[in-house]
Amino acid sequence: MNETQAVSALGALAHTQRLRVFRALVVAGPEGLTPSVLADQLDVARNTLSFHLKELAHAGLVTIEQQGRNLIYRADFAHMNGLLGYLTDHCCQGDVCEANDSPSACTSC
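Note that full-length UniProt numbering numbers the sequence shown so that position 101 is 101, with each residue one more than the last.
Some hints here could point you the wrong way.
Listed next, with one range per pair, are the computed distances between beta-carbon atoms [claimed, not checked]:
1) Glu65 <-> Asp40: 12 to 22 Å
2) Gln66 <-> Asp89: 17 to 27 Å
3) Gln66 <-> Asp95: 42 to 52 Å
4) Glu31 <-> Asp89: 26 to 36 Å
5) Leu71 <-> Asp43: 11 to 21 Å
6) Thr34 <-> Glu3: 27 to 37 Å
7) Ser50 <-> Gln93: 42 to 52 Å
8) Ala57 <-> Asp95: 13 to 23 Å
9) Asn70 <-> Asp95: 29 to 39 Å
10) Ala57 <-> Thr16: 35 to 45 Å
11) Gln41 <-> Cys92: 28 to 38 Å
12) Thr16 <-> Asp40: 23 to 33 Å
13) Arg20 <-> Thr88: 15 to 25 Å
14) Thr16 <-> Leu87: 37 to 47 Å
No lab work stands behind these hints, which were simulated from the structure alone. Quick caveat, the model's predicted, so the values are computed rather than measured. Note that the Cβ used here is the ideal one computed from N, Cα and C, for glycine as well.
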């Protein structure tokens with residue numbers, strides 16, 4: 001990941017609704033969610049959701065797959081992990097990072 005990609009991803013996540021959408025997709029895992037399920041889950045208007053999903057997709061944070069007449073949105077875990085790696089690259093001045101020992105750290109992503 002380069003600086004431009006990181007700024008794009010962080011910019012996309014720097015909005016309450018988009019952050020909520022992305023987190024819901026992360027929780028959904030590889031199965032992903034349709035926009036109608038996301039809209040119901042997050043209690044957001046479908047047209048507003050469409051705009052936010054487009055922004056997340058443009059930033060590379062979500063993928064879209066057509067299944068029949070449905071669109072399935074999924075968090076792009078590789079891109080998310082790339083962003084996390086970019087943000088933590090060279091952290092702790094090269095020493096072992098205490099943050100990696102946190103029980104809340106996602107080791108299965």
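Honestly, which of those hints from before does the structure not fit? 2, 8, 9, 10, 12 and 14
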